[in-house]
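Colleague: Residue numbers (my numbering), protein chains in the order written: chain A, 934 to 1360; chain B, 934 to 1360.
Note that these hints are calculated values from the structure, not bench results.
Because the structure is a prediction, the values reported are computed rather than measured.
Take these hints with a grain of salt, some might be off.
Pairs involving identical chains hold if they fit within one copy or between any two copies, as the list cannot separate such chains.
[Said to hold, decoys possible] When the alpha-carbon atoms are kept at most 25 Å apart in a straight line, the in silico DMTMM-like pairs for lysine to aspartate or glutamate are as follows:
#1 K1021 to E1350
#2 K1027 to E967
#3 K1096 to D1117
#4 K1027 to E970
#5 K1152 to E967
#6 K1047 to E955
#7 K1027 to E1124
#8 K1047 to E1170
#9 K1153 to D1353
#10 K1152 to E1020
#11 K1096 to E1025
#12 K1027 to E955
#13 K1152 to E1025
#14 K1098 to E955
#15 K1021 to E967
#16 K1209 to D1271
#17 K1047 to D1066
#18 K1156 to E1025
#19 K1027 to E950
2 protein chains.
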Amino acid sequence: MVPHLVTSLTGPINELEQRILESMPVIERWFRLEWMEHTPPFYCSVDVRNAGFKIAPVDTNLYPGGFNNLTPDMLPLAVQAAMALIEKICPEAKNLLLIPENHTRNHFYLANVKQLMTIFHMAGLNVRLGSLDPAVTQPTDIQLADGSVLTTEPLIRERGRIKLKHFDPCTILLNNDLSAGIPDILRDLHEQYLLPPLQAGWAVRTKSRHFQSYEEVAKKFSKVLGMDPWLINPLFENCPAVDFAEGTGLECVQNHVDSLLGRIRRKYKEYGITEKPFVIVKADNGTYGMGIMTVRDAKDLDSLNRRSRNKMSTVKDGQALSRVIIQEGVPTSERIEDSVAEPVVYMMDRYVVGGFYRVHGERGIDENLNSPGARFVPMELARLMGQPQIGPAEPNRFYMYGVLGRLALLAASYEMEATDPQAEQYD
Amino acid sequence: MVPHLVTSLTGPINELEQRILESMPVIERWFRLEWMEHTPPFYCSVDVRNAGFKIAPVDTNLYPGGFNNLTPDMLPLAVQAAMALIEKICPEAKNLLLIPENHTRNHFYLANVKQLMTIFHMAGLNVRLGSLDPAVTQPTDIQLADGSVLTTEPLIRERGRIKLKHFDPCTILLNNDLSAGIPDILRDLHEQYLLPPLQAGWAVRTKSRHFQSYEEVAKKFSKVLGMDPWLINPLFENCPAVDFAEGTGLECVQNHVDSLLGRIRRKYKEYGITEKPFVIVKADNGTYGMGIMTVRDAKDLDSLNRRSRNKMSTVKDGQALSRVIIQEGVPTSERIEDSVAEPVVYMMDRYVVGGFYRVHGERGIDENLNSPGARFVPMELARLMGQPQIGPAEPNRFYMYGVLGRLALLAASYEMEATDPQAEQYD
Chain A
934 MVPHLVTSLT GPINELEQRI LESMPVIERW FRLEWMEHTP PFYCSVDVRN
984 AGFKIAPVDT NLYPGGFNNL TPDMLPLAVQ AAMALIEKIC PEAKNLLLIP
1034 ENHTRNHFYL ANVKQLMTIF HMAGLNVRLG SLDPAVTQPT DIQLADGSVL
1084 TTEPLIRERG RIKLKHFDPC TILLNNDLSA GIPDILRDLH EQYLLPPLQA
1134 GWAVRTKSRH FQSYEEVAKK FSKVLGMDPW LINPLFENCP AVDFAEGTGL
1184 ECVQNHVDSL LGRIRRKYKE YGITEKPFVI VKADNGTYGM GIMTVRDAKD
1234 LDSLNRRSRN KMSTVKDGQA LSRVIIQEGV PTSERIEDSV AEPVVYMMDR
1284 YVVGGFYRVH GERGIDENLN SPGARFVPME LARLMGQPQI GPAEPNRFYM
1334 YGVLGRLALL AASYEMEATD PQAEQYD
Chain B
934 MVPHLVTSLT GPINELEQRI LESMPVIERW FRLEWMEHTP PFYCSVDVRN
984 AGFKIAPVDT NLYPGGFNNL TPDMLPLAVQ AAMALIEKIC PEAKNLLLIP
1034 ENHTRNHFYL ANVKQLMTIF HMAGLNVRLG SLDPAVTQPT DIQLADGSVL
1084 TTEPLIRERG RIKLKHFDPC TILLNNDLSA GIPDILRDLH EQYLLPPLQA
1134 GWAVRTKSRH FQSYEEVAKK FSKVLGMDPW LINPLFENCP AVDFAEGTGL
1184 ECVQNHVDSL LGRIRRKYKE YGITEKPFVI VKADNGTYGM GIMTVRDAKD
1234 LDSLNRRSRN KMSTVKDGQA LSRVIIQEGV PTSERIEDSV AEPVVYMMDR
1284 YVVGGFYRVH GERGIDENLN SPGARFVPME LARLMGQPQI GPAEPNRFYM
1334 YGVLGRLALL AASYEMEATD PQAEQYD
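Isolated chain A, as found in the complex (with noise of 0.2 Å):
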């Protein structure tokens, strides 16, 4: 059962909303043909921020680690949308591999990754989990906290294909973001498809580069609704070489931080809007809500105390923060209770299976709330899907976060297609 939302932006929607939802037919038909010319990334999390006057997706995760937080009833819907892509993969495929996290200990990502294994198992798979990790040598079982064990294997490399003791998967599904590099067991695989392919991990990709194709995906949708595709585009710019800890790079920081703040105020002023305008600093590899920064005045960096800068200069598995992306701050207007909360939004192939809020109760409305103390309120589902209007008085903004969660997919469909090393041989 979803539970109502116990408080979320209820006010009268602005034309923008107003908009998007009086246009569901031309926009499904958009996104139709858009899926006719593009692959979508496998699955997705996207987190989106609504200000109100403009609300756009800030972060996309093509290796979705809360598939634990959606509920029971979105399952079915994550189990046919599974089917779907089995079908389109290898239909006959009788075994999916699924590589999870090293850091296998965390009981909320292990819950995630059951909830993994549970939706390919009921699409008709047989599911085994592999692991990266050197360590795994043998079967090693994993507690979870709900009393059940997950069983990880050694990945076995036979000249094209990677398989594990008595088990040839046709399909690799990652769930490991490959922080850490590209191993090299995962390189030249090409008997068995694996997916979201080597490109989408964060030992390649940068958020500058998926948001340059967003950028392309919100003008042409924006042309079709006929409006300023700044209202679903956040800006950004970006530092190739920075180290907090050293203090180097620094003035590029601060230049972009200048530059941008300046555009965003401009902005603003064209819109009629007061809020102060914010940026947000953050890793263009990173993840994990590590190495982010809410800044208001380029002069703040000039007073980062050490501290700061220590938590600014690492990010996950130990890498080292060096490319920055400075991206427009977009404050979030929605709440539960008394705590800021933004909606994220979970796609299977081209489809929004689920959703839920990140709830967090002591950060403010221009935070990232993607840090320790958050928690998770599950979306109304069938709101989520499009419902256009609930109630007479009540209506429904949930169509909209999951046409913005699709919006930034399908901005990683032409992010990988731009970004697929294979590519060249075709052109």
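Given the structure of chain A, go ahead and fit chain B onto it with the hints provided.
Modeller: Structure of chain B alone, referenced to chain A:
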């Protein structure tokens, strides 16, 4: 919200159910391979009867009329399946023309039509209603019980296409079972998709042809699972020319009732089943639960009174009953509170999108429940989709109902291929 079933079959599941649950990946793969060769008939609802010792579909409706009985939580699944359908049939489509039944004053049926319109609207199409009723010569409003209004419009035939005024659809979806015959306006539509195909209408289709295909499907499926097909297949025989009102052709019915009861008796003996066998005599091309009779002994037919004969002599739209199917009766062991219940499974494309129990307080376990006084209790969707075990003491028999529904769906696909008037061109 989908309510929990107040009571349902909660005893230990028997061997058949256990085998189906354990074989989930094998079963799903088998369906995937079948769907590579066969196209499902757009949408479908199937009445399933679970006797405990046997479980079988007993009626397969290719123009399902109860979408209004699906809960709001099931809607997203139907929308996702509709999206997949549109993508396959005509992804560039903007418009869908829906042709409902003519007797459009029934509030329950109208709620079904409205629900179908909502599903296809949410999937991204403009949906309008066209009427086969010659009395509809201009747009006509129909008031629904909830106060909303549906508008039906006259169909316009232009050479190879059907249109409404200012509305040119890519696909025409029939929710009219054509009991009254195939109207000329629907023939030879070579430029548009007319779904389901004309041979799905009761003007052409027979139940015995369907169950002939179902037997073929049940045999294939049973071979995969290594079991006796009878455990999922209702035996049947048929008579081509019967007139209950005039009393002609009854000898044929009596002979087949006798022979079928004998066949069932032998199977009951083989499995040590102590229940008393019965058969269902019903119109071979009927619908709406009309013209259906439970017979426990061939002699019962001697003593049919005038009222019973008249009841058996007409089916929907005043069509005379002449072809009769005699089908093995499958008692239902499901109960909701004190009432006899049977599961009904809804599908779109190849996907189970919902289901409910048809419940009747005044009928026995060996009687047709599709009659005035029936009510509908939703099933829990997560179970229907196949979560193999809900709790340690609660095995999931809902997955099995979804499997049985899809076996009948697949049989309908075989049936449509076998009865396709165009098919010989490709032989």
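Colleague: For a quick check of understanding: which of the numbered hints are violated here, in increasing order?
Modeller: 8
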